[in-house]
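Peer 1: Spelled out from the first residue to the last, the chains are:
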Amino acid sequence: MSERLFRKKRRYIVIEGSRDTQVFEALRDVFQRLYGVIGLAESGLRKIDVKGCLAVSCYKEWVPKVVLAISLVREAAGHKTALKTVKVSGTIKSLAEELD
Amino acid sequence: MAREYADIYLKGLDGDCIAALVGYSYRLACVENLSNEFAEKARSLGLTVRRKQVLSPSSRSELLRCLHEIDEEVCVSVKPLSREALMTALRDRRVDTVMLHAGIAEVDRHILQVWENAVELAVSELVECAGNVKGLRTVIAYCRKAVDNDIPVAVSSGAASAEEILPPQQLAYVLAALTDVEAPVLDAVSTAPVTILKKERK
Chain A
3 MSERLFRKKR
13 RYIVIEGSRD
23 TQVFEALRDV
33 FQRLYGVIGL
43 AESGLRKIDV
53 KGCLAVSCYK
63 EWVPKVVLAI
73 SLVREAAGHK
83 TALKTVKVSG
93 TIKSLAEELD
Chain B
191 MAREYADIYL
201 KGLDGDCIAA
211 LVGYSYRLAC
221 VENLSNEFAE
231 KARSLGLTVR
241 RKQVLSPSSR
251 SELLRCLHEI
261 DEEVCVSVKP
271 LSREALMTAL
281 RDRRVDTVML
291 HAGIAEVDRH
301 ILQVWENAVE
311 LAVSELVECA
321 GNVKGLRTVI
331 AYCRKAVDND
341 IPVAVSSGAA
351 SAEEILPPQQ
361 LAYVLAALTD
371 VEAPVLDAVS
381 TAPVTILKKE
391 RK
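So the sequence lines, in the order shown, correspond to chains A and B. Those letters in the first sequence? Residues 3 to 102, by my numbering. Those letters in the second sequence? Residues 191 to 392, by my numbering.
There could be a bad hint or two in this list.
What the hints assert, rightly or not - Under 7 Å between C-beta atoms, here's a sample of chain B residues computed to sit facing chain A:
1. 317
2. 354
3. 363
No lab work stands behind these hints: they were computed from the structure. Every value quoted in this text rests on a predicted model; they were computed, and no experiment measured them. Think of the CB as a built atom: it goes at the ideal place given N, C-alpha and C, for glycine as much as any other residue.
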């Protein structure tokens, strides 16, 4: 069912450190390699910005898979990196409070 | 009571690693190349550190010979390179964890019959097998079989530097993703590794 008929719950995941677009691109590449284009579409993965920090949003049931993809990112924009999650939250407001 | 988190596989330990582990509220860690200086420093900050040895045997006899030479206080993990070594590692009580990796033999009913020891999933190993479809499938099969048969699964970072140390919640989500569970499997970073480290060795 579409989101308009049955609203799917979203979760927001803050990623430590960088707010670089290339970090999100690297995450999306890893996610797509693991779950394919259909997985990418169904997960609702998107980038958001919370108080200058990189955060991603996805549907609730996809949170473990997105965190797995975050853990498997080891290179972004030609630099070696390891991404860490700071918090998983149901609202952007509580994420912002956590970052204060 | 608050959970006691443990990261049971770090390849090295320095001041930055200790700060990262304490920052993520880990209370226990196992380190492969551990110096006494950093072990003391970690202890003073409330982090208990144990020495770890990772064996990569390619036969049963090689594994038994290595186990015979190992000190009892060391946490022993085995990364079996053959099915024969795997079968021995899964049932030998001197082994603390069997490490899952891309080259591990496929799980079958004979393996299930002898499987007694806990398994360990290191994120560094998972990164290596992420591009290997067969290896990834086998690792996922082991995780699911272990969960179905109530065999403890410990998730560790396998970090070589402070940068690679991951928060316990993130490690718990890794196992949740592989076993199709929605909530993070926190037992994999607390109860399971703590029980493994506290078990009596014979």
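Peer 1: If a hint holds in the structure, say so; if it does not, say that too.
Peer 2: Status of each hint after checking the structure:
For residue 317 of chain B, the interface hint holds, the least distance from its beta-carbon to any beta-carbon of chain A being 6 Å, beneath 7 Å. Hint on residue 354 of chain B holds. Least Cβ distance to chain A is approximately 5 Å, under the 7 Å limit. Because the beta carbon of residue 363 of chain B sits about 4 Å from the nearest beta carbon in chain A, less than 7 Å, this interface hint is met.
Checked against the numbered hints given earlier, this structure breaks none of them.
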